[in-house]
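Peer 1: Taken in order, these protein sequences are the chains called A and B. Count the first sequence with my numbering and you get residues 505 to 1224, in order. Count the second sequence with my numbering and you get residues 270 to 524, in order.
Derived by calculation from the structure, the hints in this document are not laboratory data. Misleading hints may appear alongside valid ones.
Dumping the calculated DSBU-like pairs for lysine-lysine here, alpha-carbon to alpha-carbon at most 35 Å [claimed, not checked]: (1) K511/B - K615/A; (2) K714/A - K328/B; (3) K328/B - K340/B; (4) K469/B - K973/A; (5) K1215/A - K598/A; (6) K1215/A - K714/A; (7) K469/B - K1088/A; (8) K511/B - K598/A.
Away from chain A, derived, C-beta distances all over 12 Å, residues of chain B [said to hold, decoys possible]: (9) G300; (10) E313; (11) G369; (12) P375; (13) A382; (14) K386; (15) H457; (16) I460; (17) T473; (18) T486; (19) A488; (20) M504; (21) A507; (22) K511; (23) R512.
Listing some non-contacts, in silico: residues in chain A with all C-beta distances to chain B over 10 Å [said to hold, decoys possible]: (24) T905; (25) F931; (26) G1167.
This one's a predicted model, so the numbers in the text were calculated from it and none came from an experiment. C-beta atoms are modelled at their ideal positions from N, C-alpha and C, and glycine is treated no differently.
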Amino acid sequence: MIVVILIAALAAVSLAAFNHYGLKKIDAGTPLMKEIAAAIQEGADAFIRLEYRIIFWVSLGVIALLLIFVSWSAAVAYALGAFLSASAGWVGMKTAVIANVRVSNTARLTKDIGKTLKVAFQGGSVMGLCVGGFALLGLGIIYLVFGKLLGQLDPVNLVFHKNWLGISDIPFTMTVSSYALGCSIIAMFNRVGGGIYTKAADMGADLVGKTEAGIPEDDPRNPATIADNVGDNVGDVAGLGSDLLESFVGALISAIVLAIYTAYSSHGRADEIGNSLVQKLVAFPLAFAAVGLFSSILAILWMMLRKSSDNPHRELNMTTFAGASLTLVLAGVVSWFMFSGESVANIDFRFGVFSPWLSAVFGIIGGILIGYIAEFFTSYDYKPTQDIAAASLEGAALTITQGLSAGMLSVFLPVALLGTCIIAAHFTAGLYGVAMAAIGMLSFVTVTVSVDTYGPIADNAGGISEMAKLDPAVRDITDQLDAVGNTTAAIGKGFAIGSAALATLSLFVSFLYAQAGAASEGGLVLMLNMVDPLTLVGAFVGGSLPYLFSGILIQAVANAARKMVQEVRRQFKADPGIMAGTSKPDYHTCVTISSAGALKEMKIPAMIAVLSPLAAGFIFGPNFVGGLLIGATISSIMLALFTANSGGAWDNAKKYVESGHYGGRGSDAHKAAVVGDTVGDPLKDTVGPSLDILIKIMAVVSLIAVSVFSKHNLFSYFFN
Amino acid sequence: MIHYYLTVFPVEALIASQLTPEQFGSYMAVGSHKGSAEQLIFCEVEEGFGDVFDWAFAKEKCVAHPNGDPKSTTYLSIYRVLEHVPLQYMKSLFLTTQDGRTLELPKTEYAPAADWKGCALYKELCPVSPLVASRLSPGEFAKYMVKDTHKVQLPAIVFADIRILEQNNLRDSGNVGTVSKLELDHIHDCIGQVALSGAKPTKTVDRSFFKKFTYQTIATGIYAADSSGIIFYPMPDAETLKRVNYDWGRSAYIL
Chain A
505 MIVVILIAAL AAVSLAAFNH YGLKKIDAGT PLMKEIAAAI QEGADAFIRL EYRIIFWVSL
565 GVIALLLIFV SWSAAVAYAL GAFLSASAGW VGMKTAVIAN VRVSNTARLT KDIGKTLKVA
625 FQGGSVMGLC VGGFALLGLG IIYLVFGKLL GQLDPVNLVF HKNWLGISDI PFTMTVSSYA
685 LGCSIIAMFN RVGGGIYTKA ADMGADLVGK TEAGIPEDDP RNPATIADNV GDNVGDVAGL
745 GSDLLESFVG ALISAIVLAI YTAYSSHGRA DEIGNSLVQK LVAFPLAFAA VGLFSSILAI
805 LWMMLRKSSD NPHRELNMTT FAGASLTLVL AGVVSWFMFS GESVANIDFR FGVFSPWLSA
865 VFGIIGGILI GYIAEFFTSY DYKPTQDIAA ASLEGAALTI TQGLSAGMLS VFLPVALLGT
925 CIIAAHFTAG LYGVAMAAIG MLSFVTVTVS VDTYGPIADN AGGISEMAKL DPAVRDITDQ
985 LDAVGNTTAA IGKGFAIGSA ALATLSLFVS FLYAQAGAAS EGGLVLMLNM VDPLTLVGAF
1045 VGGSLPYLFS GILIQAVANA ARKMVQEVRR QFKADPGIMA GTSKPDYHTC VTISSAGALK
1105 EMKIPAMIAV LSPLAAGFIF GPNFVGGLLI GATISSIMLA LFTANSGGAW DNAKKYVESG
1165 HYGGRGSDAH KAAVVGDTVG DPLKDTVGPS LDILIKIMAV VSLIAVSVFS KHNLFSYFFN
Chain B
270 MIHYYLTVFP VEALIASQLT PEQFGSYMAV GSHKGSAEQL IFCEVEEGFG DVFDWAFAKE
330 KCVAHPNGDP KSTTYLSIYR VLEHVPLQYM KSLFLTTQDG RTLELPKTEY APAADWKGCA
390 LYKELCPVSP LVASRLSPGE FAKYMVKDTH KVQLPAIVFA DIRILEQNNL RDSGNVGTVS
450 KLELDHIHDC IGQVALSGAK PTKTVDRSFF KKFTYQTIAT GIYAADSSGI IFYPMPDAET
510 LKRVNYDWGR SAYIL
């Protein structure tokens, strides 16, 4: 089985490398196009280098803590997770930067949307394949080295062990959780740092360049335009890649950890889960991910090798559908193959060997439906967004009000669906089924990330076409590709938020299991007393944490954007030749401002995620942390849906007006819609995506540290 | 070489300049440290007509700077200029956007439109600047405004005809600029009045409409007229702009 997992991961990484080098062979176009692409590449490289330098020092600190308080295997796993997640973000971003200009040049040379689509998708596929490949490669290595070779999955090691400090844990759960923590911390920095960077640049470019000076989007006279394009790569590509890698890993390890704790808690019971079944419960998520990866590779190859039509939306949907269908069929076979002959009735598998597979199907259906609800509330083909555009006729205040309403209305249905999905998955395969539902949502993540990454590549290609003064027909092609990317991104967000909720729920249950003993020790108390004031207060505090986190993030964007606005104004005033087109703006200073702003502002939000459960645990103990996790998860999911959908709706309402409705570009309605979009920008691109990482980091940190703070906390010292 | 530019919007002036029309438009819109950013409509005129303007002064003052840079502007007149510029001396008209891009509209003979709808909105650009509703076609309106038999008349006029938005289909308006819903009600009231009234051919909709006027609102083009006749500067359609003047079209928010 491990061979299959590693082959899948290596096949994905190999195809990623093949596509990367294949892209590099494509001509990058005119000297001006190359010059613009080089400026974007330089800015993106510089930011990622500085960001990763900070992450390196933070990671060294975490590794030291894991080494001291948990185990050396946890420290190594963390380092591996951090390295692979950082690598996925870096490779994906590098490839996107290479792909942007080549997409633009392919459109210029061929004037063929199908051929251009293939180049854009080839660029996006590198990120997707790296996300799926690296995530599974890391887990495969951990499974092989720590689980099998070093014996952490031997029956004798699937029980609590004490380390040199007397802190007890089940070693393999700590190892995989630390691996996930490594991925999560990189994702948090990439999402938060990239989010601040991209929105500061975007707002600076829009507020002064477009609104004050009246210059169009992506005009080379705008000093912030290169920073804006760099932001698309570091935020929308590197950030998105690390984010979904973290989601994928989070979902996988939540099932593994839950399986181990469930098995441990059954020790001594009449219906104790046997070792053979435990091994299969641990391996099944990885096998599921492996077939998902194989299916995704085939879907990507199919997309790249067949003759493409002129309808990019249909092409991408067919690719995603092919990947998902193949995953489902193969996963069903794997489920039957792995669990045949096992007695699965005592682990709540109500539909026999197909139970975990069926739970994953519920997850996939739930994810798709959540995505479509997001699309309904954010696409300008539907009423909620059209209503926001209509409200823009009455001014900015009503645009904001209508957008807030749409965002709030968009929360109920996805949450109801998630609830249904949890109940259905739990009914089908118990708590393990809930974790499998999360895995189902992300099992073909390689294809969804490929499609998601293709969007910013097409967007950047459009920017380069504009800056390089290419034929308007070229911009038409890249605009069409970009528009499709916006729709697919909405569906991708549905999967990310939905899977985060399910994975966090599974991790939360593991957090409770980690405090419970085996049945043989009479210690299984899988209960959180909500009447306990500590739990209740923890839930209140946890509910407020996402607001604190989001507030700091928005403040960070505002601070960086303000500096950018001042710089762009300064440049226009100091050198009128910039507007006249006779002198070049100083792009580099704007890139530096965005970069410095993001690096300075990203630390506190990232630290909140890591330190809040630790501080709460060491002061108030595990019940408080339990409440904290429940409160933070519920509040984060609501806020993530609200911010992502309201921001998306404002953005698309502006696009609807710009496409010639209610007066079109330059009208009063357009000005009001631009205000809405500007308000929504940091919500949808900085806050929303960071919230699902927040709850997973909190859950993983709590899971790793609970064995320490359940014994050592100030509250128990003073009051017990 | 000295060019002579008659600016008709936002202010009326005759300016001598060593800049080409594109450079002049850019300089006037954005090319100073004052940080101005405004639309500008101007017409290149041939030199040497009449004795109202001091052509010798222009030649003396409009010379390159000591460092070789061309002289941007030498103002010859800033008051009642249009009325002293004969139509036959007017060459192409230029529309400069807020961000300094300039579109040339070549001069053409005016011919009445075959698809005249019976009413129009005219934005007078020079020498006065109201927005008026009228049941007169552009040619008739021009004659009406420069005829000296009634009290409200001008010696010469430059005006644009403005697209009339459908009140009931704002959703699919296209890119038409900054007319608000409130103004639209008033515009349609005024159009109704001139269309129904037999006596009143024009009615003032807005006394200035200065800040609301954008190039997106122009329908067929811009007209210049005096007692000797009328000339027409047709506005290219969006498809032509996309093909030939893409940058200008984007800066003017038409594309």
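Peer 1: Evaluate each hint against the coordinates.
Peer 2: Hint check results:
| no. | hint | in the structure |
| --- | --- | --- |
| 1 | K511/B - K615/A | holds (16 Å) |
| 2 | K714/A - K328/B | violated (39 Å) |
| 3 | K328/B - K340/B | holds (11 Å) |
| 4 | K469/B - K973/A | violated (50 Å) |
| 5 | K1215/A - K598/A | violated (46 Å) |
| 6 | K1215/A - K714/A | violated (58 Å) |
| 7 | K469/B - K1088/A | violated (55 Å) |
| 8 | K511/B - K598/A | holds (33 Å) |
| 9 | G300 | violated (5 Å) |
| 10 | E313 | holds (19 Å) |
| 11 | G369 | violated (5 Å) |
| 12 | P375 | holds (22 Å) |
| 13 | A382 | holds (24 Å) |
| 14 | K386 | holds (21 Å) |
| 15 | H457 | holds (16 Å) |
| 16 | I460 | holds (18 Å) |
| 17 | T473 | holds (22 Å) |
| 18 | T486 | violated (9 Å) |
| 19 | A488 | holds (15 Å) |
| 20 | M504 | holds (16 Å) |
| 21 | A507 | violated (10 Å) |
| 22 | K511 | violated (5 Å) |
| 23 | R512 | violated (7 Å) |
| 24 | T905 | holds (17 Å) |
| 25 | F931 | holds (46 Å) |
| 26 | G1167 | violated (5 Å) |
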